[in-house]
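Residue numbers (my numbering), protein chains in the order written: chain H, 1 to 979; chain D, 980 to 1360.
These aren't lab readings, by the way, just hints derived from the structure by calculation. If you're wondering where the values come from, they're calculated on a predicted model, not measured in any experiment. Treat the hints with caution; some may be incorrect.
The calculated label-pair distances, taken between Cβ atoms and stated as ranges, are [as the list claims (entries may be wrong)]: (1) Q813/H to P1067/D: 42 to 48 angstroms; (2) N189/H to P1067/D: 41 to 47 angstroms; (3) P1295/D to D937/H: 55 to 61 angstroms; (4) G922/H to P1304/D: 35 to 41 angstroms; (5) P1067/D to S235/H: 34 to 40 angstroms.
Covered by chain H, per the in silico footprint, the following chain D stretches (three or more residues, Cβ under 8 angstroms) [stated by the list, open to error]: (6) 1274-1285; (7) 1294-1305.
The C-beta atom is built at its ideal place from N, Cα and C for all residues, glycine as well.
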Amino acid sequence: MRLHRLELTAFGPYPKREQVDFDALGADGLFLLHGDTGAGKTTLLDAVAFALFGTVPGARGEVKKLRCDYAAGDVVTEVTLELTVQGRRLKLVRSPEYDRPKKRGDGFTKQQAKASLTWLSGWEGEGLTRIDEVARTVEQLLGMTAVQFFQVVLLPQGEFARFLRADTAEREKLLEKLFGTERFLDVENWFREHRQSLGRALEQRRQVNRGFISRVAEAAGEEPPEDIGDEEWLSSVLKRLGETKRDTELRAQEAADLRNAVDATLAEARAEAERVRRVRAARQALAQCEELEPQRRTWIAQREAARRALAVVAAHQAVGRLRASLDLAVTRASAAARAVASSGYDGSDLREDASRLREEAGGLNQLAAEAEQQKIDQRRIAELEQERERVQLLIGRLTEELSGLPERIRGLREQLTAGDQAAGRLDGLRARCEELRLRAADADQLPVLAAAVTTAEDALRSAIDRHQTAREELQAVRQRRLDGMAAELAGRLAAGEGCPVCGSVEHPTPAVTVTDAVSEADEQRAGAAEQRAQTARTEAERALLHARAQHDQVRDRLGGREDGEIHRALAESDEECRLAAELAEQNAVYLVELEKFERHCEELTTRRGDAEQKLVAARTELSTLTETVAARIQRLDAARGEHTDVLARRTHLLALASALTELADRRQSVQECRQRLDEQIAVAAEAAAEVGFPSVEAALQAALTEAELSELDSNITRCDNARAAAESVLAEPELAEVDADADVDLDGISERARQAHAEAEQAASALHAVRQANQRVGELAARLRAAWAESGPVEAEFAELDALTDVINGRGQNRNKMSLRSYVLAARLEEVAVAASRRLERMSQGRYSFVHSDEAGARGTRGGLSLDVLDDYSGRRRPAKTLSGGESFLASLSLALGLADVVAGETGGALLDTLFVDEGFGTLDADTLDLVMNTLDDLRAGGRVVGLVSHVEELRQRIPTRLRVRKARTGSTLELSVG
Amino acid sequence: MRVLHTSDWHVGRTFHGRDLLVEQESVLGGLADLVADEKVDVVVVAGDLYDRAVPSGDAVQVCARVLRRIRAAGAQIVVTPGNHDSAPRLGVFGEFASAGGLHLRTRMAELHLPVVLTDRHGPVALYGIPFLEPEPARHALRVPQARGHSGVLTEAMRRIKEDLAGRAGTRSVVLAHAFVTGGEPSESERTIAVGGVQDVPSSVFAGVDYVALGHLHGPQRLADNLRYSGSPLAYSFSEARHVKSVWLAELDAGGLAGVERRELPVPRRLATATGRLEDLMTAPEHEDLVDRFLSVVLTDRIRPLDSLRRLQERFPHAVHVEWRPEGGRPEGMSYAERVRGRTDEEVACCFIEDCRGGEPNQRERALLQEAFAAVAREKVS
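Input sequences plus hints: build the corresponding full structure.
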């Protein structure tokens, strides 16, 4: 990396734009930056750092006050740096974030930080403008971050000896970044985080295990252990639980045995009591049977009598039925006798009389048919008389209706003739009316046409006038133009030239221009006006001719008739035409009416003929029927006797014959019934005697109903069964020995059994509880052991991780109290010590060299990155902190150079061709200063440019190339002096 | 179909503080010529396009120019994010990019949706598996019990095979960024170990025609169809003897027909040199090291001042110097002996042995490994 040019504006103490040409300054490889304290020497280095990284080193970096307070409000704070890195020349421009006065009003507004990178040569690229991208690119090119840069390139004021005096922890941070070994720090952190998360997971498992332990204790009915429970505790719990279980089982078995014994005794006592009860009951039943024996015998006797009486009862019932039949027959016979008596019959031989009467009725059959015909004929005669009356009335009405019709028909025919004549005239009348109407219109039009003629005449007259005027105007204009033409020609004449008109070269009297000269355009306008007027005149003449023609045509058509005359004739004609049209129209109506009357007349005549024929027919039939009826009526009156007619007499005869036959039959039936009854009475008496009853009545008394009989049967059976059952019980062999008077104590034994049961139950439930607890504890114990088995490896893993994490972080088993990162960095620091020692030996004339020490710090703090100084004078090591001020400067400078050397070899990348050393020279004596200068000369010889920042007077004399910073009340300025 | 397999571009990466963008652009730009010369149909980049989650503007532009040239040369491009890339940033505007032939397959939930390209033999499905950080991948792929990188990658391949089963007659290419068992690491890969498990068995990828792997920086062949292309440039001195290359895989009707290697130009070779400073500065046999990136071990008894500056006078690309005096370091440099030339984990073990006594046991070693891996992961994001 080589710097070329730095520009800064309104930055630090510099209010204006200042420029540093490093190429010029570094021509000799060594230059001095000097000036008064506080003038802004260090600010130049800050500007370089700011341009590269956007930040400034050390404590100044923490206070973001980069803008110059003296700068004018509108000057933008900006730093520009041109440099070459890795063969690429680039320009960096940066502005810090700062508050600038608002352009309008009071107060401040924030100016945002800006950065840009432009490639000047050595690389094709479009440049960058994002702050983070610029930073990334710069870091990649330089191969170092701001912190590294400040440690090896730009050795800042005050921070110079920091690395020399730092303790392990501080050195760790710095070296780590320089050598890019942050990954080892990350590994340390990873271990710590990993331990933490695994610890959390383990604690969760422990919590779960503790939960299991307290559940085991609870299930076993014990207090949880005071320490963390282990396998030993669990085994003892299980053992105690097993013993309790065995005891309880024993007790439960005993109680069960006792209960079973008492149960057996109780069962035996219950059986004995039952036997005694049965013997007693059987004996009681037998005694009751003995008591009932007489009653039983009576029931048997009654049953036997009733069974014998059964046959007699049946015979007696048949007697009853026959008696009822007889009564019915007698009643019917007397009814028939009453019927016969009411007809007034007084004969004795009933059946003979009946057949006689039927013969008489047969003789009346023929006359009955004639009586029917007589009735029909009499109804027909009545009908015919009515018909005759109706037809005579109809004939009278038709005759009257026909009488007025021929007169009406004749009238209508006359009217029709008049209508036809009117229709014949109608067309002629209408044509005349139309003709008259046209003429009337002509008569109305004539005055209008006459007026139009007058108007056209007027128009023609005025057109003629206008034309005349226009022609005169045209002539006037032409005249004036001709007049003016001479003046025009004269105007063009020149002395010595020929006249275009006359050819004369002399122009004695040229025409003078008249005032109202007319142009050709004027003449044309007047000509056009004349043309238009002439056209208008021709138009008007044509219009007049047309109007006159129309007027004359109409006047001829009227032929001299007056207006009034024509209108009168028109009115008369219209009236005549209207009348004729009315007549013709009525003709159609009359024609229809006539046709109607004629048809009606014809119809009436026909109907009257029909009615007269019907009247004749009715009269003929009536006279024939009247004769027949009169002949028949004598025969019929003889046959009917005292009855209303023949038919009624025949009916009477037949009814009487039936009644007589009926009576005869009924009387015979009564006789037969009586005979059968007598026979049956004898049969019943005979049956009673046969089964041993003295009479039928006695037998009926002994008889019983079905229900009574079955009740008797069941009473008897019940008695028999009771006796048989009792006897069979007493016959059972197991009851043979039973003492019916024995007394069994059931209550006492029951009480004993109840107690034994209660005790056995209690023992059983106690056993159940113990077994359940046992099972639950067993299950929980298995789960607890599983959890232990699971967490065991995690515990072991954690223990191992815990120990390893401690070791890696320089604690615990770590003997050296050295962390992994320190271990890694120690190797680099050793090399730095070697590289730095060569510079230091030279500057201290071989007295001092660096030695790396890995001892732990005081009070057990971590160690590994200590640097001691070996004093060759004493041959002893001493801590670098104990060096004097001047020695410290030498040591620090050596260390910085050594560091740069080792870092370069390690990370390759860009070599750093510009180096700044800020302050520290004031502490050196003249000889030492010589040595330092020699060292710096060596650096310069290697191609580097070294910039020293100092206010030491002697340096100013030694170094010819100087950049002076001048301080003033209005801010600082720069001044370059070479040679 | 010809598939060019590359990975681990790490655009924007620096080499011992040196910017490499120019070198990266020249090598990667050469891929475009390869595409044109070899008539490549598709270029697959299996992760770590950029070196950082948030690459610099210059890096983004270099990458854009390179991809544009490859596309212009006629190849489609399929890219998946590696452990250095930020998947959402890389995948931004992916749908639009697809329309232009740049397929950014960056979403875990969509890893089973292939880019389907067609040649005269039919379709080829290219599945891009983004780098699967186990924790988020377990969630995104809904396999909460999957163990480590291997578990989530197994689920990813299950999904892919399921999709592939529904595409009869389709050949397949899978892009993955992983440490497959049998691979040979170098110093410039950042470990992706989680809980000590970073390997993925190669059997996970069975049934795919060609698997383009990324992550390891040395080109290598685990099986005919399972290869690492390696990075296009060397990113550490341990890669000094690598021959950087890409694979050209040819797919015909029956699947993988053959794979050829194409070496890449080396913009600046790497070298290491050992000796005394004065010898190194003057010895003529070192003349061919002048243009190389150089790592130097100085054996001077006395540590030379300003050694790198001196070395750069002759070797302008010397970027690393280590002082290892012959006959051992002087007294008082015991730590350098213990630390120099060792990996971080070895240093940590050494530290425990020194400070506590007794080597760390297996579990402690695993813890340390996990810690370094976790720290490395945090650094990217």
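Results for each hint:
1. Between Q813/H and P1067/D, the C-beta spacing of about 45 angstroms keeps the proposed range 42 to 48 angstroms intact.
2. About 27 angstroms separates the C-beta atoms of N189/H and P1067/D, a value inconsistent with the hinted range of 41 to 47 angstroms.
3. Range check, P1295/D to D937/H: Cβ separation about 25 angstroms, and the 55 to 61 angstroms hint is violated.
4. Evaluation of the 35 to 41 angstroms hint for G922/H and P1304/D yields a pass: the beta carbon distance comes to about 38 angstroms.
5. Between P1067/D and S235/H the Cβ separation comes to about 59 angstroms, which falls outside the hinted range of 34 to 40 angstroms.
6. A stretch counts as covered by a chain when three or more of its residues have a beta carbon under 8 angstroms from one of that chain; for the stretch 1274-1285 of chain D and chain H the count is 4, and the coverage holds.
7. Only when three residues or more bring their CB closer than 8 angstroms to a CB of chain H does the claim for the stretch 1294-1305 of chain D stand; here the count is 6, and the claim holds.
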